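Hey, can you work out the whole structure from these sequences and the hints?
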Amino acid sequence: MKKESRGVAFIAIFLSLLFVIMGLGYSHSYNPGFFPDEFAHMGYVIDVIKYNFPNYNDGHIYSSNKLNYLNHPALYYVIVGELVTLLHLQDLFAHVGRYVNMMISMIIITMTCRMIYKITRSLLATFIGGSLLLVIPMFVISGSAINNDQINVLGCTLVIYGLTGLLCIDKKNTPLTADIFLICVGGIIASLSKATGSLAIVCLFFSVTLFNSTILLKVIKKITPKQWLIIVLSILIVVIYFSYMHKVYGRFYPAPQGNPATWYFIENPYTQKLALLEFIDVFLKRNWFSLTTPYGHVIIIDSAIRVGVLNAILVALGAMSSYLIVRKILTNDSDLNATFCFAMAYIMFFIIYLFTIRQLHLNTGYLGAMQARYFFGFLPVFSLVMAKAISSLKSKAVTITIFLLMITGLAVSTYPALIKMTNPQMWQSTKVIEQPLFNTEYGPLTQGRKFEQKILAESNYISGAELKLTTFARKNQGPLTIELFNALGEVLARDVVKMETFKDNEYVWFNLSHARLIKGHIYTLRLTCNECNKDNAITWWTVKKEIELPVFLFSRFGPDRENQYSKGEAYVDGLPIGGSFTFRLYF
Numbered sequence: 001m002k003k004e005s006r007g008v009a010f011i012a013i014f015l016s017l018l019f020v021i022m023g024l025g026y027s028h029s030y031n032p033g034f035f036p037d038e039f040a041h042m043g044y045v046i047d048v049i050k051y052n053f054p055n056y057n058d059g060h061i062y063s064s065n066k067l068n069y070l071n072h073p074a075l076y077y078v079i080v081g082e083l084v085t086l087l088h089l090q091d092l093f094a095h096v097g098r099y100v101n102m103m104i105s106m107i108i109i110t111m112t113c114r115m116i117y118k119i120t121r122s123l124l125a126t127f128i129g130g131s132l133l134l135v136i137p138m139f140v141i142s143g144s145a146i147n148n149d150q151i152n153v154l155g156c157t158l159v160i161y162g163l164t165g166l167l168c169i170d171k172k173n174t175p176l177t178a179d180i181f182l183i184c185v186g187g188i189i190a191s192l193s194k195a196t197g198s199l200a201i202v203c204l205f206f207s208v209t210l211f212n213s214t215i216l217l218k219v220i221k222k223i224t225p226k227q228w229l230i231i232v233l234s235i236l237i238v239v240i241y242f243s244y245m246h247k248v249y250g251r252f253y254p255a256p257q258g259n260p261a262t263w264y265f266i267e268n269p270y271t272q273k274l275a276l277l278e279f280i281d282v283f284l285k286r287n288w289f290s291l292t293t294p295y296g297h298v299i300i301i302d303s304a305i306r307v308g309v310l311n312a313i314l315v316a317l318g319a320m321s322s323y324l325i326v327r328k329i330l331t332n333d334s335d336l337n338a339t340f341c342f343a344m345a346y347i348m349f350f351i352i353y354l355f356t357i358r359q360l361h362l363n364t365g366y367l368g369a370m371q372a373r374y375f376f377g378f379l380p381v382f383s384l385v386m387a388k389a390i391s392s393l394k395s396k397a398v399t400i401t402i403f404l405l406m407i408t409g410l411a412v413s414t415y416p417a418l419i420k421m422t423n424p425q426m427w428q429s430t431k432v433i434e435q436p437l438f439n440t441e442y443g444p445l446t447q448g449r450k451f452e453q454k455i456l457a458e459s460n461y462i463s464g465a466e467l468k469l470t471t472f473a474r475k476n477q478g479p480l481t482i483e484l485f486n487a488l489g490e491v492l493a494r495d496v497v498k499m500e501t502f503k504d505n506e507y508v509w510f511n512l513s514h515a516r517l518i519k520g521h522i523y524t525l526r527l528t529c530n531e532c533n534k535d536n537a538i539t540w541w542t543v544k545k546e547i548e549l550p551v552f553l554f555s556r557f558g559p560d561r562e563n564q565y566s567k568g569e570a571y572v573d574g575l576p577i578g579g580s581f582t583f584r585l586y587f
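Numbering-wise (full-length UniProt numbering), the sequence shown opens with residue 1 and increments by one.
Treat the hints as calculated values from the structure; they're not laboratory data. Quick caveat: nothing in here was measured; it's all calculated off a predicted structure. The C-beta atom is built at its ideal place from N, Cα and C for all residues, glycine as well. There could be a bad hint or two in this list.
[Claimed, not checked] In the BS3-like style, the derived pairs of lysine-lysine whose C-alpha atoms are separated by at most 25 Å in a straight line are:
| id | residue 1 | residue 2 |
| --- | --- | --- |
| 1 | Lys454 | Lys545 |
| 2 | Lys431 | Lys420 |
| 3 | Lys519 | Lys503 |
[Unchecked claim] Quick list of simulated restraints, FRET-style, between CB atoms:
| id | residue 1 | residue 2 | range |
| --- | --- | --- | --- |
| 4 | Gly443 | Glu506 | 13 to 21 Å |
| 5 | Lys226 | Ala397 | 24 to 32 Å |
| 6 | Ile237 | Asp58 | 23 to 31 Å |
Structural data, given as structure tokens:
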């Protein structure tokens, strides 16, 4: 193996291992269902386990009585569901879904690094370009969650990799058949994973045809009958799938019920629509936020330093993109053919995406479908643009600055992924159950009051609990008591913590002394403070149970309004509140 090839392999392995560390951090820190749309994706995986295909007629969101709302093609769900069935891992299907995406992510990282080196012949540029993937937080989260985003990115990556080979046909070292095969396989994967994947492929092909028609004609003339057979078969697979879907379900992208835009319109039929410029402003801000910030159905702990470093990297990426595009226009440098084509394809995609969401807003008033994940199929293009600019620049100062910025970005990107893993209780427990949501509180916990949470024993022992408390932004004093009761009212564990040690809006640890439980039984956590008054007290954050509109009530339609913790009720002063307190249980 050549020295350069070993260098590319080392970079790909290093970045893949770093991704695995971060991915495992996210996966073990946040339970299935906490990342975007995970319960809905899990619903289709369950369908495949039961029926070998997603139930696009009557499939349900996992752990809900509501119909599924996702209208994605079936590829990811079939892969995960059949793998779970083959390995008899039905009880661990959610973890299998996450680990499949981790494997897919490592392939994306490896293919991106190889593509960059093939075009730039620079190990430094390869490292910087490959690292860009890992500093985008939602790339790592998507690769650690149950969703079809990552397999869609894989399909686009394979197409982009193959197209670089075709556009560098005079210099390439691999057979043309390999490039055509990658394009066809990638096209199938992207098309059968997500509608945005199909759009990305169309934009890529259109851009290549528009800006490199001469090279494209040369390629077409060199295509052999065997290669034409590969192309025709791949197109046929996609056509057969969508023909079947339309024949059976009446639509190319079916779903058992409407999506969040439909629900929003039903709940808010008279929403005032934004003017075009105001809409574009909101659109850009929300896409920037979702590109730079880890998010889900819970608050993900993050660092302002990490966000600042990523902002600087993305600003540098924008400057490099402008530099390469202007240079290509002014000099017609053939060395920039592939990079320029892919950048133009992304611009086309982004414009179509913007006006599609604009029309959705005009039709429904909905503003929620503004997420950078929709254009993640172009992340390898972002990496290529940055790498190509680095390899083209003559300024060592700029190169060193970008390198140091990327190293810093990689380092700080581990913070949101691993911060919860630094909690020693995570390592000392076999299972952690979390209810992280909160949107209200029930006043100060004063003398005579009691906050109670029913919990389900997930093990035969419980070591402790963390409760999210607010101090009302003041320094309180005195003992706070937690007790664990069984169904007979017997105290199984008790702990007293001094309020002087509390920080506002943070979790507080209560030691339950590895109390013995009976798995599957219901127990009660009771929080009291006998020395507290209204000027010296804390309270326990709570999430209220949302009330459905009458049009959705007692129906299978509409959003899933269930509490994130449905295994036990919460009580304030002996009365049920219809929601739950915010806590972590360590079994």
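**Q.** Ascending list of hint numbers which this structure does not respect
**A.** Violated hints (numbers, rising): 3, 5; every other hint is consistent with the structure.
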